[in-house]
Every structure is written in C-alpha cells, then in structure tokens.
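Chains as they are written, first to last, in this note's numbering: chain G, 23 to 416; chain Y, 23 to 416.
None of these hints come from the bench; they were simulated from the model.
All the given hints hold, so there is nothing to weed out.
Copies of the same chain look alike in the list, so a pair counts if it works inside one copy or between any two.
Below 25 angstroms or equal to it, Euclidean Cα-Cα: the simulated PhoX-like pairs (lysine-lysine) are:
| hint | residue 1 | residue 2 |
| --- | --- | --- |
| 1 | Lys38 | Lys188 |
| 2 | Lys147 | Lys389 |
| 3 | Lys195 | Lys49 |
| 4 | Lys147 | Lys179 |
| 5 | Lys188 | Lys147 |
| 6 | Lys49 | Lys38 |
| 7 | Lys38 | Lys254 |
| 8 | Lys66 | Lys38 |
2 protein chains.
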Amino acid sequence: MLNFTFYAPTLFDFGKDTAGDVGALVKRFGGSRVLVVTGGGSVKKNGAFQAATASLDGAGIPWQELAGVQPNPRSGKVYEGIGLVRGEGLDFILAIGGGSAIDTAKAIGMGAGYSGDFWDFFTGKAPIVRTLPVGTVLTIAAAGSEGSDSCVITQEKGNLKWGCPKTDVIRPKFSILDPSYTCTLPPYQTASGAVDMIAHILERYFSNTPDVALTDRLAEALVKTVLDAAPKALADPDDYAARADLMWTGMLAHNNSVGVGREQDWASHQMEHELSAFYDCAHGAGLAVVMPAWMEYVIGHDPMRFAQFASRVFGCEMDFAHPEDTGRAGIARLRETFRSWGMPVSFAQIGAKAEDIPAMVAHRREKPGAFPFGGFVKIGPDDMEAILRIAAEG
Amino acid sequence: MLNFTFYAPTLFDFGKDTAGDVGALVKRFGGSRVLVVTGGGSVKKNGAFQAATASLDGAGIPWQELAGVQPNPRSGKVYEGIGLVRGEGLDFILAIGGGSAIDTAKAIGMGAGYSGDFWDFFTGKAPIVRTLPVGTVLTIAAAGSEGSDSCVITQEKGNLKWGCPKTDVIRPKFSILDPSYTCTLPPYQTASGAVDMIAHILERYFSNTPDVALTDRLAEALVKTVLDAAPKALADPDDYAARADLMWTGMLAHNNSVGVGREQDWASHQMEHELSAFYDCAHGAGLAVVMPAWMEYVIGHDPMRFAQFASRVFGCEMDFAHPEDTGRAGIARLRETFRSWGMPVSFAQIGAKAEDIPAMVAHRREKPGAFPFGGFVKIGPDDMEAILRIAAEG
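With the hints as extra help, turn the sequences into a complete structure.
Below you can see the structure in the form of structure tokens.
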C-alpha cells in the first residue's frame with residue numbers, strides 16, 4: 023500500500039425527503055445568497071428543484087437560477103455562472119441535478135474568485151487553492167461528483183473535454199442524496215450511470231501496486247452491488263432499495279475510498295473523453311464501449327488480476343492452468359452485462375465511426391502531456407488506436 | 023436502507039514517516055498550544071512521540087505532555103487534562119497512542135470549555151455541541167477512535183465504563199496513521215485489536231434493517247481483510263502490508279462507513295464493558311469471549327443472516343436444508359479463529375468468574391436505561407445472564 027492522504031469532508035444527507043434540509047445546510051456552511059445550477063428541466067419534473075428552493079425560501083435565503091446545463095457540460099455555462107455570481111454578489115453554489123450540474127457548479131466556484139480564465143485551472147496554468155462553497159441535491163446516480171475531488175468540463179474553444187487536477191478543495195460541503203428522485207430516470211440513463219460507477223471503480227482496481235488486499239475487496243463489493251442493483255432498477259424503476267444502493271455506491275465509487283494507497287489507471291476515461299467530445303454520447307455509454315476493449319488489450323499485462331476480478335466479482339470458476347482464460351471470461355461477462363442493460367458495446371451503437379479513430383488520436387495530442395496515459399499500462403498513440411479499433415467492433 | 027447522515031471530516035495522513043506532518047496539520051486546524059496525551063510509554067519506545075513532538079518543535083508550536091493514560095481510560099486523567107488545558111491556555115489536543123489516549127483526548131476536548139463535570143456529556147445531562155480540536159498519531163490498530171464519532175471512558179466513581187452519545191463533533195480533525203509504529207505491538211495486543219475491529223463491524227452487520235446489500239458487502243470485505251491480515255501480522259510482526267491493512271481497516275470498521283442506513287446492535291460491547299470494568303481485561307479480549315456467546319444465543323432470531331455471514335466471510339458451504347447449521351459453522355469458525363490468534367474464548371482465560379455474573383448484571387442496572395439493550399435482539403437481564411454463562415464456558 024502506498025502512502026496516501028484521504029480527506030473527504032462532505033456532509034451526506036441520505037434518504038427520502040431530505041431536500042427540505044437544503045436551507046439549513048446552506049446556512050451551516052456559510053451561504054447567504056445562492057446560485058442554483060440546473061440542467062435541462064428534469065429536476066422540475068421530479069420535484070427536486072421545488073423541494074430544494076422551497077427550503078431556501080423557508081430559510082430566507084435568496085437565490086438565482088442558472089438553468090440549461092447540458093450533459094458533457096460546456097465552458098459557456100461556467101462563464102455565465104461566474105458572471106452571475108460576481109454581478110449579484112452570490113456566495114454559495116447549489117447544484118440540483120447530476121454530474122453535469124455539479125461539475126459546472128464546481129468550476130464556477132473555482133472561477134468566481136479568480137481574476138483570470140477559469141480554464142487556467144484545467145490547463146495547469148493556475149493552482150486551485152480556494153473555491154466558493156458548493157452544495158448538491160443529487161438526482162442522477164452516476165458521476166460521483168457529489169463526493170469527489172474532481173471536475174470535468176468541455177472547453178468549447180477547441181472542444182476539449184478535460185478534468186482539472188484532483189483536489190480536496192473542490193469536494194462539495196454537503197450533498198443531499200434522495201434516491202426517490204432517480205426513480206424517474208429513463209432506463210438508458212440509469213444503465214449509463216451504472217456503467218459509469220463500475221468504470222470509476224475499475225479505473226482504480228487495475229493497478230500495479232502490490233499489497234492492496236483491502237481496497238481490492240472494497241472495490242469488488244461495490245461492483246457486485248452495482249451488478250445486483252442495476253438490473254433491479256431497470257426492471258422496476260421504482261425499486262427504492264435498488265435506487266438507494268446505486269446512489270450510495272455511485273458516491274463511494276468516486277470519492278476515492280477504494281482508490282487510496284494504490285496507483286490508478288484512468289486510460290478508459292481518457293479515451294472516452296474523445297468519444298464524447300466527437301459524438302456527445304452519454305459518458306457511461308462511451309465507457310461501456312471503451313472499457314471492455316481496453317481490458318482485452320491489456321489483459322496480458324497481469325492476467326492474475328483479471329482472473330481475480332472474474333472470479334470474485336462474477337463467480338467465474340478459476341482455471342488454474344490458464345488464468346488468462348478466466349480473466350477473459352470475466353471481460354466477456356462484463357460486456358454481456360452492459361449489453362443486457364441496453365448499453366452500447368460497439369462504435370456503431372453510439373454513432374461513432376472507425377474512420378474517425380486517427381482524428382480522435384490526433385485530437386488527444388492537443389492536451390498537454392497527452393501521451394502516454396494510463397497507470398496500469400502506458401498507452402501510446404498506437405495503443406489508443408488499437409484499443410479504439412477493438413471498441414469499434416465490440 | 024434507512025435515512026442517514028454521514029459526515030466524517032477527518033483528514034487521514036496514512037503511511038510511512040507521516041508523523042513529521044504533525045506540526046503543519048496542527049497549524050492547519052488552528053492549533054497553537056498543544057496538550058500531548060500519551061499512555062504508558064510505548065510511544066517513546068517506537069519513536070512516534072519523538073517524531074511527532076519534533077515536528078511540533080519544528081513548527082514552533084509549544085506543547086505539554088499528559089502521560090500515563092491507561093487501557094480502559096479513566097476519568098482521573100480526563101480531569102487532569104482539563105485542568106492543564108485551562109491552566110496553560112492550550113487550544114489543541116494531540117493524542118499519540120491508541121484508543122485510550124484518543125478517547126481521553128476527546129473527553130478532555132469536550133470538558134475543557136464546559137463549566138460543569140465532563141461526565142455530564144456521558145450521562146446525557148449536557149449535550150455535546152462543541153469541543154477543542156483533537157488530532158491523533160495512531161500507534162495501535164484496534165479501537166477506530168482515530169476516525170470515529172464515539173468515546174468511551176471509565177468513571178472511577180462507581181467504576182462505570184460508558185460511551186458518550188455518538189456525535190460528529192468529536193471526530194478528530196486529523197489522524198496520522200503510520201503502520202510502522204504497530205510493528206512493535208506484542209502479539210496479544212495485535213490480536214486484541216483485530217478482534218475489536220471484527221466486533222465493530224459485526225455490531226453493525228447484525229441488523230434487522232432490510233435492503234442493506236451494499237453495507238453488508240462492505241462489512242464482509244472488511245472482516246475478510248482482518249482474517250487475512252491478522253495471522254500474517256502475528257506470524258511476522260514486521261509485515262508492513264498486513265499492518266497497513268489492519269490499520270486502515272480498524273479506522274473503516276468504526277467510522278460508520280459500514281453502519282450507515284441500518285439499525286445496529288452493540289449488545290456485545292455493552293456486555294464487554296462489564297467484563298473490563300470488573301477485570302480490566304483488554305477490550306478485544308473481552309469481546310473475543312462475549313461475542314461468539316452472543317451469536318450462539320441470538321442465531322435463532324435470523325438464521326439466514328448468520329448463514330450469509332458464514333458463507334460469504336468464511337466460505338462455509340451453504341446447507342440449504344438447514345441454514346442455521348451453516349450459521350453455527352460460521353460462529354464456530356470465528357471462535358476457532360480467535361483461539362488461533364491466542365485470544366481468550368472463555369471466562370477462565372481472562373480471569374473472570376461465573377459466580378460474578380449476577381453482580382455484573384446488577385452493575386449494569388446502574389446505567390440509565392440499562393435494559394433492554396441491543397438493536398438486533400433486545401437483551402434483558404435474564405438474557406445477559408444466559409449469554410455470560412455461555413461465554414463463561416466458551
């Protein structure tokens with residue numbers, strides 16, 4: 023186990039009818055004038071917006087809305103939010119929605135008190151040392167941004183989908199997690215969220231660090247929970263128990279509790295960022311296409327780790343003479359699981375084209391330190407192209 | 023899953039040579055004059071005291087030591103510490119040691135700013151609303167107090183070993199966890215700590231709350247980690263990987279990450295408190311005696327939960343016709359495991375006497391709301407007597 027720091031000081035208020043606590047929580051964490059960040063309007067259909075803003079009103083806290091954040095959130099809304107915060111003297115940002123609303127809120131929080139372009143924090147030109155406080159009312163179980171130290175924004179100038187450096191400074195002050203709000207999610211989005219969680223766990227699981235028995239087991243516990251709960255939520259969207267398991271797992275999958283003390287990979291996320299930059303696909307859907315392809319490409323690097331995954335998570339019988347075969351069986355089970363949830367597992371299913379692969383690799387090069395990437399296996403341009411070719415076939 | 027709040031804002035600084043960070047961390051959390059709380063002197067033999075105080079010196083932070091905290095920490099040292107803090111105008115409390123030093127530090131933190139007797143917080147006469155900041159340098163993996171919301175002190179007047187009400191207010195600001203310091207622990211104390219962790223997990227695992235698949239799996243992952251790591255640490259005290267697994271598991275076992283959203287039990291801890299009040303045995307040793315006895319007594323309440331425990335944790339083959347037999351096999355495996363670690367599993371092995379059982383039950387009655395206790399099965403005086411009689415035999 024490597025040395026590590028773990029500092030996750032977000033207050034989680036989990037369960038039914040918790041959105042009414044928003045007013046008290048904003049006050050507790052020092053907010054007095056709130057920017058409410060929302061997406062395309064689903065939070066008004068499921069009632070989260072009304073419950074949260076009624077709570078702000080009840081607490082006598084004025085608020086203004088920044089609506090219209092899109093999936094794969096864009097820099098434009100960040101600039102707009104920064105302008106609102108400065109113009110109106112707001113001191114707290116409340117995201118109501120999923121990862122896109124939350125990441126937009128985080129980026130506004132970084133940029134509001136900074137004289138330059140908020141994108142400087144993403145290029146590394148400026149270090150993130152402080153932020154306006156952010157709270158969340160989560161309505162989509164997927165991205166884990168409600169408890170995470172990360173934030174991903176697409177800079178429209180150049181169509182660059184980048185994450186800022188991870189830092190505890192941007193973890194939300196509080197997050198309200200009411201699984202009921204996720205019951206109205208369409209099946210595709212439910213499944214997409216489940217894939218995103220599994221990817222967040224596996225990006226940490228596939229590691230070269232020795233002696234990580236504890237985080238291995240915790241990671242396996244989380245993946246198994248998603249494998250149990252996701253099909254239940256797809257079969258019965260109102261299954262509260264399944265929704266609750268998915269919501270809390272989504273947070274744990276990305277607050278780094280299963281990633282401490284070990285090198286992490288993140289190659290699949292890097293490649294998915296190109297897919298969603300090119301085709302604006304759902305993040306989870308892009309991951310369902312890319313991740314099994316990545317696994318097939320790198321299995322030879324550590325067949326026993328893949329065999330452990332297959333055996334412990336999917337209950338594949340261990341082939342002691344051919345551990346790599348056990349590992350391959352696990353990858354096949356994972357891809358089949360994604361398919362059974364209605365997720366795409368090939369380029370065609372997300373409208374991607376094999377002939378764009380060289381352009382995606384070239385686009386990746388625009389990022390500082392673009393290659394190699396990946397902590398488990400170093401991925402160069404040729405590797406990326408090969409993995410995307412596997413993903414194209416599915 | 024029940025509604026819950028989870029707020030664990032402790033910064034963990036984990037790994038080799040982290041004690042040198044103490045000075046910076048005390049400053050970060052607002053400390054300028056420190057009370058250093060220590061136990062019987064082992065922290066001076068293993069170097070933790072020297073490393074931490076050198077760091078305070080290096081940061082120009084004055085400190086005073088309160089030494090001599092004993093296992094099952096007593097109220098006397100708490101009163102002494104409160105006097106020192108007030109007399110010297112100290113504003114931060116740093117525990118260097120295990121759960122006893124940390125719980126003493128927490129109790130001093132509660133009492134220092136309170137005009138009445140700190141024991142009022144334990145009897146419920148006063149609510150805990152604020153405390154002096156507490157940091158820790160952990161040298162024993164066991165109690166989990168380094169990340170927990172709880173604190174147990176023995177009031178010498180009446181020999182009452184009680185916990186205060188759980189509250190996030192008393193979670194440490196930071197905890198430095200260097201597994202190296204635990205390599206010098208005697209085998210008995212290593213094993214005792216491992217039992218304590220398992221008990222902290224199982225007090226949460228045995229629950230009547232339905233739909234707790236996620237926390238069940240996380241709890242099982244932690245118990246399996248202890249079962250893997252403890253015999254390695256006993257066989258080779260310098261096995262850093264095993265020590266690291268035990269240290270981080272000990273924190274997770276008691277920061278409530280596996281207890282959220284579910285009723286908890288805690289009956290075994292309540293009964294063990296009487297054992298250690300009467301015989302001053304190591305907490306883990308007392309738990310090794312009591313917990314399997316409690317399990318045998320209550321298995322009929324939910325045989326399937328015990329079968330799940332036996333099957334998932336110990337790999338016992340499920341007897342589908344007789345699930346309770348599978349559950350009993352798991353209890354037998356647990357007791358045998360404790361025995362194999364050199365832990366006591368009967369009264370005689372901790373110097374306890376069956377004839378004292380009525381006196382222990384009578385002593386328990388002095389606690390407000392003494393009976394019934396236990397969230398999984400309600401334990402009355404007759405039940406407590408019956409369980410202790412099973413424990414007496416082992």
